[in-house]
Amino acid sequence: MSDGLMLFVMLSIWAAVLQSIVFMAGAIRFLMKERKEKWDASQDMSHFPTVTVLIPAHNEELVIAATAENVLNLNYPPEKLQLIVIADNCSDTTANRLYRLKKMAPYQDRNFTVFERKGTGGKSGALNDALEQATGEWICIFDADAAPERNTLFFLITKALEDPERYGAVFGRNKARNRGQNLLSQFINLELVTVQRIYHTGMWQLFRIGTIPGTNFIIKSDLIREIGGWDVNALTEDTAVSFEIMQRGKLIALASRAEAYQQEPEDLNVYIKQRTRWAQGNFYVIMTNIKHLFNGSPWRVQLLVLYYAMGYLWFMLAILASDFILVINLIFVVLSLFDSSLTSPFRFAEDLYVYLMMSGALMYYLYVLQINLALASDIGQSTTRNFILSCLSYFTYSQLFIVLSLKAVWNLTVNKLTGRKTKWYKTQRFG
Amino acid sequence: MTSYIEWFLPLCSGVNLFLMTCVLVLTGMTLWFRAAVNRSYDRGKSHE
Chain D
0 MSDGLMLFVM
10 LSIWAAVLQS
20 IVFMAGAIRF
30 LMKERKEKWD
40 ASQDMSHFPT
50 VTVLIPAHNE
60 ELVIAATAEN
70 VLNLNYPPEK
80 LQLIVIADNC
90 SDTTANRLYR
100 LKKMAPYQDR
110 NFTVFERKGT
120 GGKSGALNDA
130 LEQATGEWIC
140 IFDADAAPER
150 NTLFFLITKA
160 LEDPERYGAV
170 FGRNKARNRG
180 QNLLSQFINL
190 ELVTVQRIYH
200 TGMWQLFRIG
210 TIPGTNFIIK
220 SDLIREIGGW
230 DVNALTEDTA
240 VSFEIMQRGK
250 LIALASRAEA
260 YQQEPEDLNV
270 YIKQRTRWAQ
280 GNFYVIMTNI
290 KHLFNGSPWR
300 VQLLVLYYAM
310 GYLWFMLAIL
320 ASDFILVINL
330 IFVVLSLFDS
340 SLTSPFRFAE
350 DLYVYLMMSG
360 ALMYYLYVLQ
370 INLALASDIG
380 QSTTRNFILS
390 CLSYFTYSQL
400 FIVLSLKAVW
410 NLTVNKLTGR
420 KTKWYKTQRF
430 G
Chain F
0 MTSYIEWFLP
10 LCSGVNLFLM
20 TCVLVLTGMT
30 LWFRAAVNRS
40 YDRGKSHE
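Residue numbers (numbering that gives the first Met the number 0), protein chains in the order written: chain D, 0 to 430; chain F, 0 to 47.
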């Protein structure tokens, strides 16, 4: 039993390290290529397609006017840009602030709609209703707290035009605008930079696989209508749409220069609620898509399912098992001080424990290395403070993943047993 | 208990050696990349 558990932990660590090595190698290749690319955002955009930007907003009076203004000032032909802001079941001044913006001189003649909606379905429901009013060839989504860079839409569309037949969607890169606010937002920033600069780039470079995030992406209007819009039952509607796109043989391309800033949680409770929803959403996605591993779906879909399953099922179980072994061994070390005849059930033969420790150390080193490669690719982030945080993150911030995953599993189980509906939790903004 | 040890220990040794080599190569590439970025952007130099 103990040998079996130890073997499982060892093989899991090897798989996790190998996965990280593969993604990191792809990321380095991507980042080197990216450095050499030249771009000109002042080029003629007369051949660019029409775009409808949708911004779902539920009680977003703190941030919504600035976001809408950012979008209206994007470097994109104004006559090709339609903006629809969905004031979804708002009980604050979100809509009023938008009407005030719409009346301002620079924006009076713009194709800008404030859509006051009273309906169900959360963000997905709001997007589906707004889709009926959208006239653009492409749909672009920004969250209510997004602050896109001036050329973000230009980069997204430029990428889409590289292969308009194959690319069903294009996604950009999100950065934390409040990354220096407190320790939590600094850790979140490290995670965000690493996911976007290592995992997104590596996956795109090696396999041409991408998944759309909840914000800062474009999708073909025809395609999202063919899919049937956003799934109102999915907690992570973006991941659900990603699978639908890939099932149709289309690619979700990465435009890494399309940057948008977003607010990250500054409070641990807000963070836990947001991430538990994400974890629940990802478990839902795994459960609903695991069938693709066995039904001859496109290989990219299978690889993506495998990636999610490894992260949320296999590696999570391995972490729990290794923590369990560690705790039991520590308990027996203490007990043996009082009774030397007591021995832990997890005693490893010969040098196995040494190899287990070596593999663990390798995983930790690679974790820190990944973060620091990601930081090096983001100007101004490769600092001593961030290096120290990256070293601490593994033992502190990353351990929250176990808590969140267990909480998500518990919530899903209770929901299943009691028939309770999962509540969509909107992330709280900070003024 | 020791039945699988005969083949598993050499496997551990081989796999760890392979993974360590890969990680060393990645470390070198990371440092090279970081130095290249610093050369491009630091000391007030404008990027292309």
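Keep in mind the hints are simulated off the structure, nothing from the lab.
Source: prediction; values computed, not measured.
Hints may be right or wrong, so weigh each one.
Label-pair ranges, simulated between beta-carbon atoms [said to hold, decoys possible]:
# : chain 1 : residue 1 : chain 2 : residue 2 : range
1 : F       : T20       : D       : R247      : 19 to 29 Å
2 : D       : V367      : F       : F17       : 12 to 22 Å
3 : F       : G13       : D       : T417      : 14 to 24 Å
4 : D       : P76       : F       : T20       : 15 to 25 Å
5 : F       : L10       : D       : R346      : 45 to 55 Å
6 : D       : E78       : F       : A35       : 56 to 66 Å
Covered stretches of chain D, going by a simulated chain F footprint (3 or more residues, C-beta under 8 Å) [stated by the list, open to error]:
# : segment
7 : 9 to 17
8 : 332 to 345
Here a beta-carbon is modelled for each residue, glycine too, at the ideal position from N, C-alpha and C.
Count the residues of the segment 332 to 345 of chain D whose Cβ falls closer than 8 Å to any Cβ of chain F, and tell me whether that reaches three. With 0 residues close enough to chain F, the hint is violated.
Please check whether L10(F) and R346(D) have a Cβ separation lying inside 45 to 55 Å. This hint is violated: roughly 20 Å between Cβ atoms.
Cβ separation of E78(D) and A35(F), checked against the hinted range 56 to 66 Å: 41 Å Cβ-Cβ, so the 56 to 66 Å window is violated.
Note whether the CB distance of T20(F) and R247(D) lies within 19 to 29 Å or breaks it. violated, 41 Å
Note whether the CB distance of V367(D) and F17(F) lies within 12 to 22 Å or breaks it. holds, 20 Å
At least three residues with a C-beta closer than 8 Å to a C-beta of chain F: is that true for the segment 9 to 17 of chain D? Answer holds; 4 residues pass the 8 Å Cβ test.
Against the range 15 to 25 Å, how does the distance between the Cβ atoms of P76(D) and T20(F) compare: consistent or not? violated, 52 Å
Between G13(F) and T417(D), does the beta-carbon spacing fit 14 to 24 Å? Given about 50 Å between the Cβ atoms, the range is violated.
Hint violations for this structure: numbers 1, 3, 4, 5, 6, 8, all remaining hints satisfied.
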